[in-house]
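Visitor: These protein sequences, in sequence, are chains A and U. Quick note: the first sequence uses UniProt numbering, first residue 1, plus one each step. Quick note: the second sequence uses UniProt numbering, first residue 1, plus one each step.
Honestly, the hints are just simulated from the structure, not real lab data. Heads up, some of the hints might be wrong.
Said to hold, decoys possible - As a list, the in silico DSSO-like pairs of lysine-lysine whose alpha-carbon atoms are at most 30 Å apart:
no., chain 1, residue 1, chain 2, residue 2
1, A, K171, U, K264
2, A, K327, A, K384
3, U, K121, U, K70
4, U, K292, U, K24
5, U, K201, A, K171
6, U, K197, A, K179
7, A, K24, A, K69
8, A, K31, A, K43
9, U, K38, A, K171
10, U, K201, A, K179
11, A, K327, A, K453
12, A, K179, U, K38
13, A, K171, U, K197
14, A, K24, A, K43
15, U, K318, A, K427
16, U, K197, A, K439
17, U, K38, A, K439
18, A, K58, A, K25
19, U, K19, U, K70
20, A, K31, A, K179
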Amino acid sequence: MATEILMPALSPTMEEGTLAKWLKKEGDAVKSGDIIAEIETDKATMEFEAVDEGILGKILVEEGAQGVKVNTPIAVLIEEGESADDIAAPAAPAAAEAAPAEAKAEAPAASAVEQVNTPEPDRSPDWPEGTKMKTMTVREALREAMEEEMNRDETVFLMGEEVGEYQGAYKISQGLLDKFGPRRVVDTPISEIGFAGIGTGAALAGLRPIVEFMTFNFAMQAIDHIINSAAKTLYMSGGQMGCPIVFRGPNGAAARVGAQHSQDYSAWYAQIPGLKVVIPYSAADAKGLMKQAIRDPNPVIFLENEILYGRSFEVPDLEDFTIPFGKARIARSGKDVTLVSFGIGMAHALEAAEKLHEEGIEAEVIDLRTLRPLDYATIIESVKKTNRLVTVEEGFPVASIGNHISAYVMENAFDYLDAPVINCTGKDVPMPYAANLEKHALITSAEVVDAVKKVTYK
Amino acid sequence: MARKPAATAAKAAPSNTSKEELLKYYRDMLLIRRFEEKAGQLYGMGLIGGFCHLYIGQEAVVVGLEAAAKEGDKRITSYRDHGHMLACGMEARGVMAELTGREGGYSKGKGGSMHMFSREKHFYGGHGIVAAQVPLGAGLAFADKYLGNDNVTFTYFGDGAANQGQVYETYNMAELWDLPVIFVIENNQYAMGTSVKRSTKSTSLFGRGEAFGIPGEQVDGMDVLAVKAAGEKAVAHCRAGKGPYILEVMTYRYRGHSMSDPAKYRSREEVQKMRDERDAIEHVRELLLQGKHASEDDLKAIDKEIKDIVNDSAEFAKESPEPALEELWTDIYAADLPQGSAEENA
Ligand SMILES: Cc1ncc(C[n+]2csc(CCOP(=O)(O)OP(=O)(O)O)c2C)c(N)n1
Ligand SMILES: [Mg+2]
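Working from the sequences, and respecting the hints, build out all of it.
Guide: This is the structure in structure tokens:
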């Protein structure tokens, strides 16, 4: 049976090339492995080997032809006794194949953001009305969440530097070694890329690791496994290899610890499809979201904050409660302006809202709680009411979460905005050590108040 | 720990150690100790913030190695860096003022305890990410080799840092390219609360170089003369173009990991025993007295001199103003190559 020889792609990016030279003539016998032609691309001249055996029946593209598209038939190989004329209309199949691919490319919806806006925001209460509450710190809430999940599921274990015998560098894992033993509370050497990879491997094999980074600054040593291994494997395996792992630890500035120990990574991780990103402010959220994170079948980045660890909040006194991802919390309602924040940014946003209230401006404060998935619906609904938006976060200003929200709101609620959106962020500088400079590098509630006055033209 | 707690202090100074040399070691080590004690005090008073890692107990390591260095040699270390800076001749005032975050500090107050540098003294930091300084140190050595001079780089890191993967990537390349770098592992037995035994079964840290073809040895880090001798051997190897060398210096930190360390991972007795039996400063003090190189009064005079330097640095550090607010926005990008780049090194 006659076979077509197609113009080969000789590099991943080659789309066309020059058929520099035929090394076989019509009528020559060809064995697999014989060099039949030389093809020139913009990068190199390559030899083109035959894959099949036969007789070079007909050359369709003459030597010297330029701009020959990949997959164009360039010759016909026939078997003994066949004639080249047996083949008809050689170009047709290639063209036909190309068509569906193009059609597919047009299919996705206009927005590149995968998490599609739910038409109605979910405003259901996080726990039933009338639930008894108890006061606890964020630290206790995180510990309790891990403890409850470890009791509930044998496959959950905690791993990291100083999590066991030392009881945690920030005491989040206090008591867990005593309770669960060294099989489930694993002290590691200072080897972040190693234990992040080991945790990821264990998750691929069906365990549910909680990997603690002493701080997220040190997760940069391990970021390759977080992104290239944990976040992408499910996709690369066509859905086979889930990676249920939680990477957690304090994120953002502490106090006076300098540039290498004071960075907010929210926007970094929120950028990655395949990761879920959680950043609680209150203790109740820390608890409910941590339990949810441990149960989630995906890699979850759980960004805590050293300054918040010791703060106390009301937490529902329930045997088991979780908070779903992608559901923002309206921490304070108001009609004049929407403040969107998360993590420690909430402290500044709430403080600003209080000051604004004294001046007669009512701010609605939205705590995103998770950055991926992100609750766009709640933001849009609030902006439709207040017509003004200020975002508040501690991270760097360029390519920030606020930037992303601004773009989204502009695209989806442009007609509702009465003022440009302002993003309040940390300054565009590495964190200085000096007390006075550090204060200026960080975001303050005064800056938020100023921004609100700008957007409300006060 | 492999070392015997024998009273080495009783040994006489080797005949090749001069009185001047011994006095210098005594002075340099004492300066570090008193400086660190003062830093601890200022921290307690709230004048120093954030992380502050004291070097008390480990003084003989840098002082011994600096004695083997020549002008032009470079050094780089971790966040536990105050001793290294004082030992290479950086001013106590500038270091202390950096600790208080003032304009007079080596980084104008912008770096803090963990991040100080001096081009003039070839001190390349001051690094907060455990083991990050190891490839950086090999890179400094790469530059010297590239430029064809005979400088070496002292790259200091801890026993905990020795478990970071980047150390071994660096070992491989440093030996492959014969880089003039001395890897100094300051084995103080603990990485925060994790003892060496709890972090590795391969406890001969210098021995790990063997896999890459890098020679090395273990050194008694509480004996400044032993450190200096080992340093000279390592330096000779590097300067001769034979590539890197590893010194695993066995030492001990008396204080907590940083200022907020509950220190439940070791007993008070363990610490006290080290202080009583192996203290490096006490060792040199006894060599000086027994060798009749100095009298009690001479040493008291030195103590006073050191105390004055340290008090002066603390005063300076308190009085130096906070950096101007405009400094927040400076030094993010260089307008030009900083001085002391390639031409100066060549
Ligand atoms: C990559 C990284 N991981 C963790 C930390 C937190 N940390 C700071 S110092 C330290 C212990 C280091 O011990 P070692 O290397 O023995 O040095 P030593 O403190 O004893 O001088 C740890 C875990 C860090 N700074 N960087
Ligand atoms: Mg150590």
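Visitor: Now, for every hint given, state plainly whether the structure supports it.
Guide: Now the hints, each set against the structure:
no. : hint            : in the structure
1   : K171/A - K264/U : holds (13 Å)
2   : K327/A - K384/A : holds (18 Å)
3   : K121/U - K70/U  : holds (11 Å)
4   : K292/U - K24/U  : holds (16 Å)
5   : K201/U - K171/A : holds (27 Å)
6   : K197/U - K179/A : holds (23 Å)
7   : K24/A - K69/A   : holds (21 Å)
8   : K31/A - K43/A   : holds (28 Å)
9   : K38/U - K171/A  : holds (29 Å)
10  : K201/U - K179/A : holds (26 Å)
11  : K327/A - K453/A : holds (28 Å)
12  : K179/A - K38/U  : violated (41 Å)
13  : K171/A - K197/U : holds (23 Å)
14  : K24/A - K43/A   : holds (24 Å)
15  : K318/U - K427/A : holds (27 Å)
16  : K197/U - K439/A : violated (42 Å)
17  : K38/U - K439/A  : holds (26 Å)
18  : K58/A - K25/A   : holds (9 Å)
19  : K19/U - K70/U   : holds (20 Å)
20  : K31/A - K179/A  : violated (71 Å)
The structure fails to meet hints 12, 16, 20 from the earlier list, while all remaining hints are met.
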